[in-house]
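J.: Residue numbers (our numbering), protein chains in the order written: chain A, 95 to 207; chain B, 13 to 122.
Incorrect hints may have been included.
Here's a subset of chain B near chain A, in silico, CB distances under 10 angstroms, partners left out [said to hold, decoys possible]:
no. : residue
1   : Phe46
2   : Tyr48
3   : Glu55
4   : Lys57
5   : Leu58
6   : Tyr63
7   : Gly66
8   : Arg88
9   : Val101
10  : Asn103
11  : Asn108
12  : Phe112
13  : Gly115
Below 20 angstroms or equal to it, Euclidean Cα-Cα: the simulated SDA-like pairs (lysine to any residue) are [stated by the list, open to error]:
no. : chain 1 : residue 1 : chain 2 : residue 2
14  : B       : Lys57     : A       : Arg203
15  : A       : Lys165    : A       : Met148
16  : B       : Lys57     : B       : Ser80
17  : A       : Lys147    : B       : Gln109
18  : B       : Lys91     : B       : Val31
19  : B       : Lys14     : A       : Gly152
20  : A       : Lys164    : A       : Phe114
21  : A       : Lys147    : A       : Gly189
22  : A       : Lys164    : A       : Gly190
23  : B       : Lys54     : A       : Arg203
24  : A       : Lys97     : B       : Asp51
25  : B       : Lys54     : A       : Tyr104
26  : B       : Lys14     : A       : Gly136
27  : A       : Lys107    : A       : Gln179
28  : B       : Lys54     : A       : Leu135
29  : B       : Lys54     : A       : Met182
30  : B       : Lys14     : B       : Leu76
31  : A       : Lys151    : B       : Gln109
32  : B       : Lys54     : B       : Ser95
33  : A       : Lys97     : A       : Glu116
34  : B       : Lys57     : A       : Gly190
35  : B       : Lys14     : A       : Ile154
36  : A       : Lys97     : B       : Pro20
37  : B       : Lys57     : B       : Tyr111
38  : A       : Lys147    : A       : Gly136
39  : B       : Lys54     : A       : Arg103
40  : A       : Lys151    : A       : Leu135
Think of the hints as simulated: they come from the structure by calculation, not from any bench.
Since the model is a prediction, treat every value here as computed from it, not as a measurement.
For glycine and all other residues, C-beta sits at the position ideal for the given N, C-alpha and C.
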Amino acid sequence: DVKVTQSSRYLVKRTGEKVFLECVQDMDHENMFWYRQDPGLGLRLIYFSYDVKMKEKGDIPEGYSVSREKKERFSLILESASTNQTSMYLCASSGGGNNQPQHFGDGTRLSIL
Amino acid sequence: RKEVEQDPGPFNVPEGATVAFNCTYSNSASQSFFWYRQDCRKEPKLLMSVYSSGNEDGRFTAQLNRASQYISLLIRDSKLSDSATYLCVVNLYTGNQFYFGTGTSLTVIP
Chain A
95 DVKVTQSSRY
105 LVKRTGEKVF
115 LECVQDMDHE
125 NMFWYRQDPG
135 LGLRLIYFSY
145 DVKMKEKGDI
155 PEGYSVSREK
165 KERFSLILES
175 ASTNQTSMYL
185 CASSGGGNNQ
195 PQHFGDGTRL
205 SIL
Chain B
13 RKEVEQDPGP
23 FNVPEGATVA
33 FNCTYSNSAS
43 QSFFWYRQDC
53 RKEPKLLMSV
63 YSSGNEDGRF
73 TAQLNRASQY
83 ISLLIRDSKL
93 SDSATYLCVV
103 NLYTGNQFYF
113 GTGTSLTVIP
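Pulled out of the complex, with its shape left as it was, chain A reads as follows (with noise of 0.2 angstroms):
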């Protein structure tokens, strides 16, 4: 079975704040991304990986960073935290090619105070 691990379930951090976000996949899988989901909105896509060093922007990028050193982690980078970033925040990972469905991890409940 695929393994998806993000680093904390809950978390809660102060304005300003520089905040780090873990996710390890164990499938050698090529892509991996990073989403938040808040109600009513869905999921919505901040960053992508395809390749380890490679990095795409997504729906909503504005605030965050991200960082693919090795190709089993992928790290989600709140710069300055803000409260309006206060969401669920979802990693996922999928192989390359077609018909690779992703698979997520716990998620990672952020606060923002």
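Start from chain A and add chain B according to the hints.
T.: Just chain B, lined up with the frame of chain A:
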């Protein structure tokens, strides 16, 4: 126009009922299709892929209509445990562009 559209519901059905959800997609280049299930405050989990010829997994049947650009999910003999939000997901030919519907809420009532 959204890439993927779903009726948000909610669908409230009695146990044992049959319920169907549809999902439309706008990009004819879409290659892969999936249904996910998401429980409250949990992550989405893959329910099933959707194949061109249609496919079945127990009480669940998924179908694809490329001409009309929609996919469907049929749940037969609904169980209380089927209560969840169902997300349809479309993947473009690139393999790393996934588009999610906002989900359809299902509650199965005793």
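J.: Does each hint fit the structure? Answer for all of them.
T.: Hints, verified against the model:
A distance limit of 10 angstroms between C-beta atoms decides the matter here; for Phe46(B) the minimum to chain A is near 5 angstroms, and the interface restraint holds. With a cut of 10 angstroms, the hint placing Tyr48(B) at the interface with chain A holds, because the nearest CB-to-CB distance is about 8 angstroms. Restraint check, Glu55(B) versus chain A: the minimum CB separation of about 4 angstroms is within 10 angstroms; hint holds. Because the smallest distance between the Cβ of Lys57(B) and any Cβ of chain A comes to about 7 angstroms, under 10 angstroms, the interface hint for this residue holds.
The criterion of a C-beta within 10 angstroms of any C-beta in chain A is met by Leu58(B), whose closest approach is roughly 5 angstroms, and the hint holds. With its C-beta approaching chain A no nearer than about 9 angstroms, Tyr63(B) sits inside the 10 angstroms limit, and its interface hint holds. Given the 10 angstroms rule on beta carbons, the hint for Gly66(B) is violated: about 15 angstroms separates it from the nearest Cβ of chain A. For Arg88(B), the interface hint is violated, since its Cβ never comes within 10 angstroms of a Cβ in chain A; the closest pair sits about 23 angstroms apart.
Hint on Val101(B) holds. Least Cβ distance to chain A is approximately 7 angstroms, under the 10 angstroms limit. Proximity of Asn103(B) to chain A holds as hinted, the smallest CB-CB distance being about 7 angstroms (cut-off 10 angstroms). Residue-level restraint check for Asn108(B) holds (minimum Cβ-Cβ distance to chain A is 4 angstroms; threshold 10 angstroms). Checking Phe112(B) against chain A: minimum C-beta separation of about 5 angstroms stays under 10 angstroms; hint holds.
Of the supplied interface hints, the one on Gly115(B) holds, with its beta-carbon coming within about 6 angstroms of a beta-carbon of chain A, less than 10 angstroms. Only pairs whose Cα atoms come within 20 angstroms are accepted, and Lys57(B) paired with Arg203(A) is accepted, the gap being roughly 17 angstroms. As the CA atoms of Lys165(A) and Met148(A) are separated by approximately 10 angstroms, the hinted pair is consistent with the 20 angstroms bound. With a C-alpha separation of about 26 angstroms, the suggested pairing of Lys57(B) with Ser80(B) is violated against the 20 angstroms cut-off.
For a cut-off of 20 angstroms, the pair hint linking Lys147(A) to Gln109(B) stands: about 18 angstroms separates their Cα positions. Taken as a hint, the Lys91(B) and Val31(B) pair is honoured in the structure, with Cα atoms around 11 angstroms apart against an allowance of 20 angstroms. Between Lys14(B) and Gly152(A) the CA atoms are separated by roughly 15 angstroms; this keeps the pair inside 20 angstroms, and the hint holds. With a C-alpha separation of about 16 angstroms, the suggested pairing of Lys164(A) with Phe114(A) holds against the 20 angstroms cut-off.
Proposed proximity of Lys147(A) and Gly189(A) is supported: the alpha carbons are some 17 angstroms apart, at most 20 angstroms. With a C-alpha separation of about 16 angstroms, the suggested pairing of Lys164(A) with Gly190(A) holds against the 20 angstroms cut-off. Between Lys54(B) and Arg203(A) the CA atoms are separated by roughly 10 angstroms; this keeps the pair inside 20 angstroms, and the hint holds. For the suggested pair Lys97(A) and Asp51(B), the alpha carbons sit about 18 angstroms apart, so the restraint of at most 20 angstroms is met.
Distance hint between Lys54(B) and Tyr104(A) is fulfilled; the C-alpha atoms sit about 12 angstroms from each other, no more than 20 angstroms. With a C-alpha separation of about 12 angstroms, the suggested pairing of Lys14(B) with Gly136(A) holds against the 20 angstroms cut-off. This hinted pair checks out: Lys107(A) and Gln179(A) have alpha carbons roughly 11 angstroms apart, not beyond 20 angstroms. The hinted pair formed by Lys54(B) and Leu135(A) meets the criterion: a straight-line CA distance of about 16 angstroms does not exceed 20 angstroms.
Proposed proximity of Lys54(B) and Met182(A) is supported: the alpha carbons are some 9 angstroms apart, at most 20 angstroms. The suggested pairing of Lys14(B) with Leu76(B) holds, with an alpha-carbon distance near 19 angstroms, which does not exceed 20 angstroms. The hinted pair formed by Lys151(A) and Gln109(B) meets the criterion: a straight-line CA distance of about 11 angstroms does not exceed 20 angstroms. Taking the CA atoms of Lys54(B) and Ser95(B), the gap is about 13 angstroms. The hint holds against a cut of 20 angstroms.
For the suggested pair Lys97(A) and Glu116(A), the alpha carbons sit about 14 angstroms apart, so the restraint of at most 20 angstroms is met. Note on Lys57(B) and Gly190(A): the hinted pairing holds, with a Cα-Cα distance of about 19 angstroms set against a maximum of 20 angstroms. For the suggested pair Lys14(B) and Ile154(A), the alpha carbons sit about 15 angstroms apart, so the restraint of at most 20 angstroms is met. With a C-alpha separation of about 29 angstroms, the suggested pair Lys97(A) and Pro20(B) falls outside the 20 angstroms cut-off, and the hint is violated.
Simply put, Lys57(B) and Tyr111(B) have alpha-carbon atoms about 15 angstroms apart, close enough for the 20 angstroms limit, and the pair holds. Restraint check for Lys147(A) and Gly136(A): the C-alpha separation of about 28 angstroms exceeds 20 angstroms, so the hint is violated. At most 20 angstroms may separate the alpha-carbon atoms for a hinted pair to count; Lys54(B) and Arg103(A) meet this at roughly 10 angstroms. Of the pairs offered as hints, the one joining Lys151(A) and Leu135(A) holds, with about 18 angstroms between alpha carbons and a cut-off of 20 angstroms not exceeded.
Violated hints, in rising order: 7, 8, 16, 36 and 38; the structure is consistent with all others.
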